[in-house]
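Novice: Using the sequences and the accompanying hints, generate a full structural model.
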Amino acid sequence: MRINTHNIKFKRKRVLSSASQIALLRRLSDLLANGFTLTESFSFLLTQIDLRHASENQAIIEALNSGASCHQVLKLLNFPRTVIMLIYFAELFSQLQECIPHAINFMTRHLKAKRSLIKTIQYPIVLITIFSVMLIVLNQTIIPEFQNLYETMDVQLSPLQHYLTQFIVHLPSAICFIFIFILFLFYLLRWHYKKLSPPQKIIFAKRLPLIASYYKFFKTYRLASEFALFYNNGVTLSHIVDIYESQTEDRYLTYLASQIKLGTEKGLQLSDILREVGCFQPELLSFIEQGEKKGKLDVELQLYSAIVIEQIERKLLKQIKFIQPIIFSLLAFLISSLYLVIMLPMFDLMQTIK
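Each residue of the sequence shown is one higher than the one before, counting from 978 in my numbering.
Worth flagging that the hints you see were computed from the coordinates, not collected in a lab. As the structure is a computational prediction, the values presented were derived from the model and not from experiment. Hints are all accurate, no fakes.
The list that follows gives simulated cross-link-like pairs (lysine to any residue, SDA-like), each with its CA atoms no further than 20 Å apart:
(1) Lys1193 x Leu1294
(2) Lys1091 x Ser995
(3) Lys1193 x Arg1252
(4) Lys1178 x Gly1255
(5) Lys1292 x Glu1260
(6) Lys1178 x Arg1228
(7) Lys1295 x Ser1190
(8) Lys1298 x Tyr1191
Have a look at the derived ranges for each label pair, beta carbon to beta carbon:
(9) Gly1244 x Arg1291: 33 to 41 Å
(10) Ala1036 x Ile1119: 53 to 61 Å
(11) Leu1137 x Ser994: 45 to 53 Å
(12) Ile1038 x Lys1292: 36 to 44 Å
(13) Ser1020 x Lys1273: 37 to 45 Å
(14) Asn1082 x Phe1310: 39 to 47 Å
(15) Leu1165 x Asn1125: 38 to 46 Å
Backbone N, C-alpha and C define an ideal beta-carbon position, used for all residues, glycine too.
Specialist: So this is what it looks like as C-alpha cells:
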C-alpha cells in the first residue's frame, strides 16, 4: 500500500487564530453532516471567515477548484500538524466526518490550556513590567538624590543596606539581560532541535525537565489516535508501516515506521517495539498489550487517546497554579527591597539628626 503524499507541506505563518480554526472545523462538520460536499462547504466557509490576506483566500479557491482534499485546505489555513495528519489519515479511509470531532476536541483542550496559562501570568507580568519601569525612573531620579543626601549627612550604610541598594540599582539591567538570554537560549535550542534526526530529537526532548513529560504525552496521543483510526478500518500493522513510509514530510513517522518494521522482523510485539522507541507513556504500552490479547485494540486506543488529552490538561493546569504565587512572591520581595533601600537610611538619618 503506497500512498502519495509528496504535496504535504506545512507553512509557518498564521492565517487564522486558534479559536477561528476551531469554529471553522465545527461549521465544516455541520455542513458535511447536512449533505454538503467538501468543496461546497469550504466555498461557503470562505465567505464567513476573515483571512488576513486576499491572496490566501484566492489560493484556497484555486486549490478547491483543482480538487484539493480537506487536509490540503487545512494546510493552507496553517492548522496544527497533528490535526492535519489526523485528517489526512481519516481521508484515506473515508472517515472525515467521524474524525473532525476528535480534531475539534484536541484543539479546544489545547486552546483552553493556553488561555489558562496566559490568564495566570498576564497580570503578574504587567505588574512586574510596571515595577521595572518605576524602578528605572527611581534609579535615575530619586535614589541618586537620597544617596547624595546620605553622603552629605555622613550616614553610614550597613552591609545589608549596601547590598540591597546595589541589587535595586542593577536589577533593571539584570532583568533585561535574563530576558535576552532566555530568548536567545530558546531560539538556540529550537534551531538545534530542528537539525537533529528523529531518534536524536527524542533523546534531546527527554532531557529537558519541563518539556519531557509533555513531549511524551503528545507523541502518545498522536500514535493512539492514528492507530485507532487504522485498526478501526482493518489496516494491518504492515500496511500502517507502508503508509508512514510513503509520506515524506514528517521524518518522525518515517523513523517510527522503520523501527516498527525492524522490530516485527525480529519477532517483537508492537508494545515492545514502542517501548524501545522511548517516547510514549507506559500506559499506552499496557493498553496495546491488553488490546492485542482481547482483539479490541482500536476501541481501547480511541478511549485512551481521550484519556491522554485529559491527563495533559490536568497536568498543565496543576503546574499553572504554582506560577502565579511564585511571581507574586518575587514581586513582593522586590517591592520590600525597594522600600528598605529608601527607608532604612532615612531612619538612620533621623537618628543622626536627633
